[in-house]
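Based on the hints, put chain B in the right spot on chain A.
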Amino acid sequence: MRSADVLAAVLDSLESRDVALFTTGMISREAYRIRDLPSNFYMIGSMGLLTAVGAGLAMCSPRRRVIVVEGDGSALMSLGNFALVAHEGLSNLVHIVVDNESYRSTGGQPSITRTIDLAEVAKACGYRIVHKVAARDDFGSALLRCYRDPGPAFLLAKVVEATEDEAPRVDLEPPIITERLRRFIQDTSGATNLA
Amino acid sequence: MYTPDKLVLALKRKGFRFFSGVPCSLLIDVLETIDHDPEITYVPAVREDAALGIASGAYLSGQRSGILIQNSGLGNIVNGLTSFNFIYHIPVLIVATWRGYQGRDAPEHILMGKIVLDLARDMGLEATVITEPIGDSVDKATEVLERDRKPAALILPPNIGRS
Chain A
1 MRSADVLAAV
11 LDSLESRDVA
21 LFTTGMISRE
31 AYRIRDLPSN
41 FYMIGSMGLL
51 TAVGAGLAMC
61 SPRRRVIVVE
71 GDGSALMSLG
81 NFALVAHEGL
91 SNLVHIVVDN
101 ESYRSTGGQP
111 SITRTIDLAE
121 VAKACGYRIV
131 HKVAARDDFG
141 SALLRCYRDP
151 GPAFLLAKVV
161 EATEDEAPRV
171 DLEPPIITER
181 LRRFIQDTSG
191 ATNLA
Chain B
1 MYTPDKLVLA
11 LKRKGFRFFS
21 GVPCSLLIDV
31 LETIDHDPEI
41 TYVPAVREDA
51 ALGIASGAYL
61 SGQRSGILIQ
71 NSGLGNIVNG
81 LTSFNFIYHI
91 PVLIVATWRG
101 YQGRDAPEHI
111 LMGKIVLDLA
121 RDMGLEATVI
131 TEPIGDSVDK
141 ATEVLERDRK
151 PAALILPPNI
161 GRS
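Those protein sequences? They're chains A and B, same order as listed. Using this note's numbering, read the first sequence as starting at 1 and increasing by one per residue. Using this note's numbering, read the second sequence as starting at 1 and increasing by one per residue.
A couple of the hints might just be wrong.
As the list claims (entries may be wrong) - Among chain A residues calculated to face chain B with C-beta under 8 Å, some are:
hint, residue
1, Ile34
2, Pro38
3, Gly45
4, Ser46
5, Ala52
6, Ala55
7, Leu57
8, Met59
9, Leu76
10, Gly80
11, Asn81
12, Ala83
13, Leu172
14, Pro175
15, Thr188
16, Gly190
Stated by the list, open to error - Label pairs and their in silico Cβ distance ranges:
hint, chain 1, residue 1, chain 2, residue 2, range
17, B, Arg13, A, Arg145, 27 to 35 Å
18, B, Pro23, A, Ile176, 32 to 40 Å
19, A, Gly45, B, Glu108, 25 to 33 Å
Rather than coming from a laboratory, the hints here were simulated on the basis of the structure. Virtual Cβ for every residue (Gly too), placed ideally from N, Cα, C.
Here chain B stands alone, though its shape is the one from the complex:
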């Protein structure tokens, strides 16, 4: 089974049925899998902070929710996370791709690729770099949501997420 299917299956197993996001090329197959799954709602957002807001609104409505974004988008949700989600105890799963991974990518991704884990850590955002078995990574991130009622991140390096 291709990895994107495994990721979506693991997310569904943990009760995720609602996502918002902004596409990344590393998410093409994940988004396509979700698009073909009638049990999952995906709302395309105009910007990553809007995606975070939408997923937060879904949580207020009683749904378990996440966002699918590129790591560059993490920069667009710092304020939402630090002055809203963490403060209001609104857990949202942040699935972010890792462009600029190991310093190999187009120039606009290099700096964010270098700092993404530090940035997450400095915000108090627990970030799990996804590895096999994918279910374990998803479980770990979801546990933070459940235990602490705060957002958590799953980081997808380039070898995961594309078949």
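Extracted from the complex, chain A is given alone in its bound form:
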């Protein structure tokens, strides 16, 4: 399973009011390349900040599904946010970590998720739903289980990287990314999520 497979599956699964946030580096770039939506938020800096941003969004939009997609490096940087998400009981938050056990965007240096299991961290913190998958065929059904019941949900996706072309940088200006998402949230508030 490659990160592009995970991102494609996530983007395919989004429903009309869902918001998806993607961490800095290759994850944002690949998501942008696969399918850009006004409800997508791409981080281009501030590694480690994304889950907190998603948590704040989830707190203020409790009837909207918020999906956070970060890498293992980003997750390790802000492990405290696992505790925060679980403590706040954010039932509308789906926290996905694309774990390639390396810092891919800066030359592939190894990360410590070779020995540290982030799914166990999520479980220990008290996420309601926790899944760990390594095979492409398993990811889709695990994702649906994360969506089906109240969360917070954590999904650890172990990936290997193919040596394919690097996705180009996200060429949207960051203030546009902000305004686009704010407008999307405003325009889609009031409607309720269809079951």
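Then chain B, alone, in the frame of chain A:
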């Protein structure tokens, strides 16, 4: 009326209903006032950068938001401010206490107390040291948020914020 109440009232008057933060002893009364106010949401954060992220997420959701931190925490949000909030035009009000004010405090606060205004300025973070009337200070900081869509700071010296 005690100063912490005046500060919270001034913030509410400018539409702030959502805060995150990490406590400082100089914020005890402000946090308690907020805790007793059902109209304000306060989310305790694990670290100041998480508080900034949470408040930023609240802004994306359409809320006016701020964080309540100690000036030491300003050091923990430099990267978030410089590579996220300023770049993405996400305004968050940063209410930071001024430990090490005038060089009088425990040793761990002295250096940050000395540099806090310079640090803010070097980041392009407009910092207003709070004075009476508190409403004017809050108005000034909020105007930066509205006009420039970028974060602004309110700095609370020790004589403000504790009754």
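Hint check results:
Hint status for Ile34/A: violated, given a least beta-carbon distance of 22 Å to chain B, over 8 Å. At its closest, the beta carbon of Pro38/A sits 12 Å from a beta carbon of chain B; the interface hint therefore is violated under the 8 Å criterion. Of the supplied interface hints, the one on Gly45/A holds, with its beta-carbon coming within about 3 Å of a beta-carbon of chain B, less than 8 Å. Because the beta carbon of Ser46/A sits about 4 Å from the nearest beta carbon in chain B, less than 8 Å, this interface hint is met.
Among the interface hints, the one on Ala52/A holds; its C-beta lies about 3 Å from the nearest C-beta in chain B, closer than the 8 Å criterion. Taken as an interface hint, Ala55/A checks out: its beta carbon lies about 6 Å from the nearest beta carbon of chain B, inside 8 Å. Restraint check, Leu57/A versus chain B: the minimum CB separation of about 4 Å is within 8 Å; hint holds. The interface hint given for Met59/A is met, as the beta carbon of that residue sits about 7 Å from the closest beta carbon of chain B, less than 8 Å.
The closest approach between the C-beta of Leu76/A and any C-beta of chain B is roughly 14 Å, which is over the 8 Å cut-off, so the hint fails. Hint status for Gly80/A relative to chain B: holds, with the closest Cβ pair at about 4 Å, below 8 Å. Checking Asn81/A against chain B by beta carbon gives a least distance of about 6 Å; that is within 8 Å, so the hint holds. Residue-level restraint check for Ala83/A holds (minimum Cβ-Cβ distance to chain B is 6 Å; threshold 8 Å).
The beta carbon of Leu172/A is not positioned within 8 Å of any beta carbon in chain B (closest approach about 11 Å), and the interface hint is therefore violated. Because the smallest distance between the Cβ of Pro175/A and any Cβ of chain B comes to about 4 Å, under 8 Å, the interface hint for this residue holds. For Thr188/A, the suggested interface contact is broken, since its CB lies about 11 Å from the closest CB of chain B, more than 8 Å. Below 8 Å, beta-carbon pairs count as interface contacts, and Gly190/A has none with chain B, the closest being about 12 Å; its hint is therefore violated.
At about 46 Å, the CB distance of Arg13/B to Arg145/A disagrees with the hint of 27 to 35 Å. The supplied range of 32 to 40 Å is met by Pro23/B and Ile176/A, whose beta-carbon atoms lie about 36 Å from each other. Checked against the hint of 25 to 33 Å, the pair Gly45/A and Glu108/B passes, with Cβ atoms roughly 29 Å apart.
Going down the numbered hints, you'll see the structure goes against 1, 2, 9, 13, 15, 16 and 17, while the others check out.
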